[in-house]
Amino acid sequence: MEFVFENDRPIYIQIVEYLRIEIISGSFKMGEKIPSVRDLSTIVKVNPNTMQKALLELEREGLIYTERTNGKFVTNDKSLIEKVKEEIIKEKLDTFFNDMKKIGITDEEIKKYLEKEKR
Amino acid sequence: MMLLECKNLCKDFDGKKVLKNINLSIGRGKIVGILGKNGMGKTTLIKLINDLLTPTSGEVLINGKKPGVESKKAISFLPERTYLDKGMTINEVLKFFVEFYDNFNLERAYKLLEDLSLDKEQKIIKMSKGMQEKLQLVLVMSRDADLYILDEPLGGVDPATRDYILDTILSNFREGASIIITTHLIADIERILDEVVFIDKGEIALVSSADELRDKTKLSIDEEFRRLFKC
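Same order as they appear, the protein sequences are chains L and Y.
Heads up: the first sequence begins at -10 in my numbering, then just goes up one per residue.
Heads up: the second sequence begins at 12 in my numbering, then just goes up one per residue.
Bear in mind the hints are in silico, worked out from the structure with no lab data behind them.
All C-beta atoms, glycine included, are put in the ideal place defined by N, C-alpha and C.
Do not take every clue at face value.
[Claimed, not checked] Cβ-Cβ distance ranges computed for the label pairs, FRET-style: (1) F240/Y x F85/L: 32 to 42 Å; (2) D226/Y x T84/L: 19 to 29 Å; (3) F107/Y x P24/L: 36 to 46 Å; (4) N59/L x D113/Y: 31 to 41 Å.
[Said to hold, decoys possible] Per the computed footprint, the stretches of chain L lying under chain Y, defined by three or more beta-carbons under 8 Å from a beta-carbon of chain Y, are: (5) 29 to 35; (6) 58 to 71.
The whole structure should be built from the sequences, with the hints applied where relevant.
Quick look at the structure:
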C-alpha cells in the first residue's frame, strides 16, 4: 500500500478517500475482511485514532461494516460500490473539465487531445 | 480522571518567568505533540511533569496525584540527552532496566532489538549515534507505562532513522496509554499526532485536534506554526 498524504487537509479525510478507491477498484474485494485498525495504521503510518475515525466514516457511508468480534468487512452491496464509483468519476471529471476551461480549451479540442493521448 | 493535568503551572529561573500559567489536560489513548521553537519552555514543562524540577507555583497531577514514586512508574521518559553508561553492553543495560523497572517488558525489548539486528554483547560506546538513539527509544517503549514522554526524539537523526522511530512509536502505542512528543521538527511528526499544543514564550498559544486545525486553516500544522511564530 502506498499512501502519500497532503499535510494541509485532515488526514482522516484523505484516508477515507484512499480506502474508497481501494474498495471501488477491487483492491479490497467485496465481503473481504479488512486489516485491523492497528495494522492499517502501522501500514499507512498514522495514528490509530485517526484510522479509527476514517473507518467510522466509511462505515457511515456503508462501504464497510463491522461484524461483532470478527472485525470489519467490505460491503457486499455491489450497487452501492457502483454508485460511489460513479460519484468519484464525476468529481474527477468535473475538476478536469474546469481545469481545461481555465486554459481555454473547447470541448471539441478536449476530444482531440484525449484521442491523441490515448493509452 | 485525566492522565495528566497541569494547573496554573509556573516556573521561574532567577526571577525570569520561563513558564507562565500552563493549563493542560491530556486524556488516555492520545498522541500529543508539544510544539515550539527552541528556548520556549518545552523541555522545562517536560521536566516539571517528570518531577525533575519543582514548580514555582501551580501543580502537575498524574492520574490525579502529585509527582512521586507512582508517577515515575506511570511515566516512561526519553530525555533529549542520553543517560546510559556508554561503557555498558546492551545485555548489561537490559539487565539494569529489568531490575530498575517493574513494568519493563523484556520480551518486547528483545523483539525490537532483533529488528535492529544489534549484537547484544556490543558496548554502547561502539554503536553509531543513530543506533544509540534507536536503542534508547527501544528501552523507553519497552516499558508498560501509562504515559510515554519523548523529548525531541528526532533531533539530528537521518530520514531512515526517523522512519524507524515513527514506526516504533506507532507500533508500540498501546491501548489506553498516551504519548507526548516535543519537537520543533513538526513536518516530520505531524501525521501521527492526535492533538497539538503550541508553546510560545513560556505560554500555551494554542491547543487543538490536529485534523481540526488543518481543516480550519487549510494549512499543515507545520505551515500554521510557521505562520504564527514567524521570526
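Hint numbers not upheld by this structure, sorted from lowest to highest: The structure breaks only hint 6.
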